[in-house]
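Colleague: Residues per chain, in single letters:
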Amino acid sequence: MRTIQLFDSRFLLPVVALALILLTNLILSPEFFHLEFKDGRLYGSLVDVLNRSAPCALLAIGMSLVIATGGIDLSVGAVIAITGAVCANLLNSSIDSISLIVLAGLFVGVVAGAVNGGLVSFFGIQPIVATLVLMVAGRGIAQLINDGQIVTFQNPAFASIGVGSIFGLPSPVVITLGIFLLAQAFVRLTAMGLFIEASGCNPKASSYIGIPVRTIKWSVYVMSGLCAAVAGMIITADIHGADANNAGLWLELDAILAVVLGGASLAGGRFSLPLTLIGVLIIQAMTTTIIMSGIDPKFNLLIKSLIIVTVLLLQSPILRGQIRGFFARKHKAENSAVVESQS
Amino acid sequence: MTARPAALQLNKICKSFNRVSVLRSVDLELRAGEIHALLGENGAGKSTLIKVMTGAYSADGGEIILGDKTISPQTPSDAQKLGISTVYQEVNLLPNLSVAHNLYLGREPRRFGCIQWKKIRARATELLKRFDLDINVNEPLSSYSIAVQQLVAIARAVDCSAKVLILDEPTASLDAREVALLFRVMRDLRDSGVAILFVTHFLDQVYEVTDRITILRNGERVGTFATNALPRNELVAHMLGKELHALEHLSHHCPPAGREEDVLLEADSVTIANGVEQLNFKARQGDAIGLAGLLGSGRSEICSMLFGLSHVTSGKVSLAGKEFRPNSPAAAIKKGFALCPEDRKTEGIVDPLSVRENLLLALQAQKGWWRPIRAQQQKALVDEAIRALKIVCSDAEKPIGQLSGGNQQKVILARWLMTKPQIFILDEPTRGIDIGAHAEILELIRKLCAEGMTLIVASSEIEELVAFSNKVIIMRDKKMVGMIEGDAITENSVLSAIATPV
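In order, the protein sequence lines correspond to chains B and R. Under our numbering, the residue at position 178 of the first sequence is numbered 178, and the numbers go up by one with no gaps. Under our numbering, the residue at position 46 of the second sequence is numbered 46, and the numbers go up by one with no gaps.
So that you can see chain R by itself, here it is in the shape it has in the complex (with noise of 0.2 Å):
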């Protein structure tokens, strides 16, 4: 391929919020006629980099060039006028209105101050016909598919003499057939000149349409690769990173085997209303069982279905030989399951409350509003907790929202701890916290699992699972796919089972 002129470039981009630095001096070109994949596991920068781009935001730092001018976009409209238009997952335009209007809505054709409808529809029609699109544009946009409505929106982002299209996330909610349709429209715009930045969680569409690959990891650029020169594993391996030095001295770790009959838990072949299938897996105490998979494989699906907050359709789960359907979280954690949840800020925390009042929210609920616990015990089990999971905070008394992420996280596992559950289910425990913090959780879900506790922990940190799963649950697809056992497991296999296209 011949390098061709850079289209858009974005030099050594900064964004933080609340200090919490999100983009570190992140690089991105974009050339004219290409398709270019943004790819990253969730929290690693897209989303910040796109709304940067597109003016929703406003970097702290760096510099973007367009064509040879260096922009600064205030808004999403200033970003639209100077020709870099966004088509998000969820169609931005108005429903109500009809196709025609809505891709002239804001610049209609006027004569004498009113708006030409006939030339808009005349138009429309047109406009569209170059997309294959055979609609009637006088009807209501929501009358049309999802398909219909993004290749709407993108024929107006492209009327509006757009040069850099972005494409959040185009092909989430459409099916084979729509989603070939888009590509060749996507493959059209990009021979016309168009640079395309395509953001996606499917692999196999980014092996299928996109020229290069720009992989994003905690703010910081991975690297710019050509598609076809990158082979899927590797892919992963970058978009999961290695970067956990602090576990480095954790080896892999695999509890010791119990008896077969001392089963706790089992999945027999469950299928999830939330659209999981082929659910199959025994957990025994003690049991550190890893899902793996990437974003929107189905591992938070898992968690969801096991504390109650979506039913199995078919297929049984079992708790100590018994069958266990709970119908909300109050019934699970009475039967000794605990949730730390994959948000921590709105299904975890509970701002502002005070650090005191977290901890002790879920103890509370077990005993019942009608039985308080005495301030003394109260005081007795704060300090307890602050000191056994170094907690750090000044004053128990703070509005939990001034913690940092990892001191967040630990008031809601120390949270649970006191309740003493039998299950314990962590969804994305490390996720955003720091490295010390990090390996203080991993430490403690090891000795938890020593002390007979069966954990169920999804995370999207190969090395993580690696480092105390003596089970890993490989999801793909809202499909398990496979389960590695015990000394089988090493971040290559689990790298590999990811992986492995369909």
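Just chain B, with the same shape it has in the complex (with noise of 0.2 Å):
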């Protein structure tokens, strides 16, 4: 059943997108698809766009699972920069357990995830209010840690978190295939992802059949939040220090952008890890091929939306219906003619 699914139409679309962004840049520039293995570690073109995009992969993989519940998450971003400042503030402290710093980062996220949820589920804040209230007062916390200021560290053991390899590839890479892996297993080899889907399409009937609703909506922030609380701490071991103005700056937009670009519906239902990352990879190759392309900087974002206007608009069932309908009117016109021609 499985494969069936990964064969799916719905992926026909992403996949082709991705692969057309990719073949833009062969044509920009051959050695695109230039690897080179140097000092045990791969180098070139698309080993960076998938280093790039760890972060944004991380949080989108959270984001699919809260807005297949019919939520969203605004606050990611500023839970990165709250796992940000909390890592680089402990880094400078006379703890030296690289060990403990990253599982306090990961209990920031929880935290984070526990509060967002908690406010949705229990007490009925629609998602896009209750997690707003984070993305604002989260940076503000972010600073009070840093107390304002940009802190750094020299600590190479967790700043290899983001600048280091793993089996030669680059580490941010790694760990988030790492949690992309175990989250599938936690959402498709348990019955959590079909319950998840099923809070999203109607949560209404999914609670008179006995499905926990408010736990499950609740779990996916605090997964969110541990996704967010991941990417934190790579962008700030790499950067080796932790900006609570800009870490993560509008990056739950571009999450969300993705699971988008998968073909999910903020209305929530049906999502596909699969699927949000080739979204997460069609907007890093994007940002990669225009930059490549020696374009004027400043169309940058114009380029970048209106392919994501494209995508977007082709998978909209309405404009497919109308396209359908045209080439249904025409070939019956054709066939009318034909009949007209003969009589």
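Since the hints were made in silico from the structure, they are not lab data. Honestly, I wouldn't trust all of these hints.
[Stated by the list, open to error] Below, simulated SDA-like cross-link-like pairs (lysine to any residue); rule was C-alpha separation at most 25 Å, straight line:
{"hint": "1", "chain 1": "B", "residue 1": "LYS304", "chain 2": "B", "residue 2": "PHE33"}
{"hint": "2", "chain 1": "R", "residue 1": "LYS345", "chain 2": "B", "residue 2": "SER265"}
{"hint": "3", "chain 1": "R", "residue 1": "LYS398", "chain 2": "B", "residue 2": "GLY325"}
{"hint": "4", "chain 1": "R", "residue 1": "LYS479", "chain 2": "R", "residue 2": "ALA176"}
{"hint": "5", "chain 1": "R", "residue 1": "LYS282", "chain 2": "R", "residue 2": "ASP262"}
{"hint": "6", "chain 1": "R", "residue 1": "LYS367", "chain 2": "B", "residue 2": "ARG270"}
{"hint": "7", "chain 1": "R", "residue 1": "LYS398", "chain 2": "B", "residue 2": "ILE323"}
{"hint": "8", "chain 1": "B", "residue 1": "LYS204", "chain 2": "R", "residue 2": "ALA396"}
[To be verified] Which bits of chain R does chain B cover? Going by a derived footprint, with three or more residues having C-beta under 8 Å, they are:
{"hint": "9", "segment": "324 to 333"}
{"hint": "10", "segment": "348 to 356"}
{"hint": "11", "segment": "361 to 371"}
Note that this is a predicted model, so its numbers are computed, not measured. Even glycine gets a Cβ: it sits at the ideal position worked out from N, Cα and C.
Take each chain as given, in its own frame, and dock them per the hints.
Modeller: Below is the structure:
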């Protein structure tokens, strides 16, 4: 059953879009697909694309689950900032156990997610409002922790989360892949994914069936917070410092966009983590393409949004119906013309 | 009564949604100067018919004649301009604006482009005096009771030169004094020549205020009757209908009475938070208990309570001798309850998940998310369910929304049967489904009882209840007013128990 889903028609459009963008890259610069193995590590534009998309991919994984329940999590960018601030300050303190610091970072994500989820599922606050609170307050919390400064640190072990390599690949890529596989197993090898989708499709019917809708809604926000914390540590490790104002700024919007590009509906329901990842790659590959094509950087955002609107329009059932209707009419007209000429 | 001219005439109105026909060639004649009741159970087509008259829907077929002109209102404001106004149960005026402004909203008297507020206030006070309403027109509408708000809405409609006034369940949220006030206004308007269409579920009010009655059932007109010539018994019989030809072979069937000590579920003078009172019954294994009564009589409320959706405020419900107080559906399910809900679309099916997923959800929820049902077992369970309940579906991976109503209902029944419940609550299990599936579902109910399951079935179709129940609880105005048992259950006994005036 799983294999059938892998070749679902839903995959066609995002995969084709990604392929087209990569192809453009190939035409623009033949060395785009060039990979080089140097100092026990793989280098090349493709690896760069993967590496740069890691934080967004992590956010998008959590966001997929949240959106599937009909919610949204705007706070993940701010959670990145808080996690970064907490980790950077702990690195400068007397604690020298890296695993303890990583655990502290993850804990921040869990607490943030638990607060968001609590507001949404137990107090019935609209997700966009509930998470907007932490989106705004979160950066303030991070600034307080950092005391208004950019806190830097010198710790090669922690930095390796962002700049090191595992199995010859940049560690952010490997970490993201690991979390993706974990998440995918969590939702698809258990019935969790089914319950998340049911809660998003029809929460009332789901609770009548005995699905713990509230707990499920709460837990997806916790997972989203956890993913954001991992992304926060990668970003912090990458720049050897925590910038409360700019770390992960607007990244939540890219993550939401990736989920939507993957074909999910913001109204909740069906979701697919692999498709979300393809959405992330589309966004990142596009950015790289625009930079490499030598177009004036002023046009970057405009071109990016044009391509995204095109993909979204192609996914719109209304437009698809109209296109189908247009061709059906044309077909009919031709047929009737044939009939008339025969008679 | 002399036959007055028809103010509004509907001829052979047809309307369907997604190929499901909701109105089939319905005629309706509203005379000037009469109060005409439009009656029918839920799904009979009343609201669709009203929406056709007011232009919210356009009819697929038939014609609407106002006075002597054929009209085809495209929007509610179109209809209003033509002289057809509607006042809904939920007053659709603007509660934050003043009473006066509401009365003249959209047609404010102006001079040099400026609204003449003084004139509005004076006119509004004048207008409301005709309705014996002496209120401060400068106060916001929301500061008055629903009854007053409704009268304001009616005043506005009449002042917009309404020839036809449609009142859609205006009395649902009014108390007795307010209803009396409304009725006086309605009679005054009738005497001044307005045609009033009155939609309600309260039969007492129908007999109190209306001149004629048109009854709809399943999208067809049963007939139009003079109110004083139609006994209450016949009225109820017309509303509930006797068209279940497919069930004629199902004679009254009474499961054997079990022993008194096998009582599984017992309610002892129970009052429920949702308003139901005086509920007493005992259910044994294999009992099929019918809940009979008109719409709004409290049938569904009992189902809600048993499934943990509304709590008991006094009295005691016990399950197998122990007190039973579920606070959520999950708690009720744990005790072996299952509910096939009244509103299939919003409470039953989970669309667009597939038929397979919909079938397995309840069982999976019972097992917990960490113990998924294996693919092989899923297939076996789904195939078995589709075969056992004769669910017509080409592919179990299809979204459930693409199935017909009857097949969706069978999926919901099958979903619960997989969990092997001991008490199965069915709220209107056969509403909106075709005759074939209808008969199959009744057959299934009898089979489940024979196997020892306890069923509690709320239904507005008396024949249906008579066909399988061994006890019928009679509900009226949210009170349990009686219980008919065993061979005493006949269509007539149930009908007359429902219809007896308070």
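Colleague: The structure should be examined with respect to each hint, and the outcome stated for every one.
Modeller: For each hint, the structure was consulted:
For a cut-off of 25 Å, the pair hint linking LYS304 (chain B) to PHE33 (chain B) stands: about 22 Å separates their Cα positions. Of the pairs offered as hints, the one joining LYS345 (chain R) and SER265 (chain B) holds, with about 20 Å between alpha carbons and a cut-off of 25 Å not exceeded. Using a Cα cut-off of 25 Å, the hinted pair LYS398 (chain R) and GLY325 (chain B) holds, with the two alpha carbons roughly 23 Å apart. Our distance criterion of 25 Å between C-alpha atoms is met by LYS479 (chain R) and ALA176 (chain R), whose separation comes to about 18 Å.
A C-alpha spacing of about 10 Å is found between LYS282 (chain R) and ASP262 (chain R), which places the hinted pair at or below 25 Å, so the restraint holds. A threshold of 25 Å between alpha carbons decides the hint, and for LYS367 (chain R) with ARG270 (chain B) the separation of about 22 Å falls inside it, so the pair holds. For the suggested pair LYS398 (chain R) and ILE323 (chain B), the alpha carbons sit about 24 Å apart, so the restraint of at most 25 Å is met. With a C-alpha separation of about 23 Å, the suggested pairing of LYS204 (chain B) with ALA396 (chain R) holds against the 25 Å cut-off.
Three residues within the 8 Å Cβ limit are the bar, and the segment 324 to 333 of chain R against chain B gives 4, so the coverage statement holds. Coverage of a stretch by a chain is defined here by at least three residues with a beta carbon nearer than 8 Å to that chain's beta carbons; for the segment 348 to 356 of chain R and chain B the count is 6, and the condition holds. Residues of the segment 361 to 371 of chain R with a Cβ under 8 Å from some Cβ of chain B number 10, which satisfies the need for three, so the listed coverage holds.
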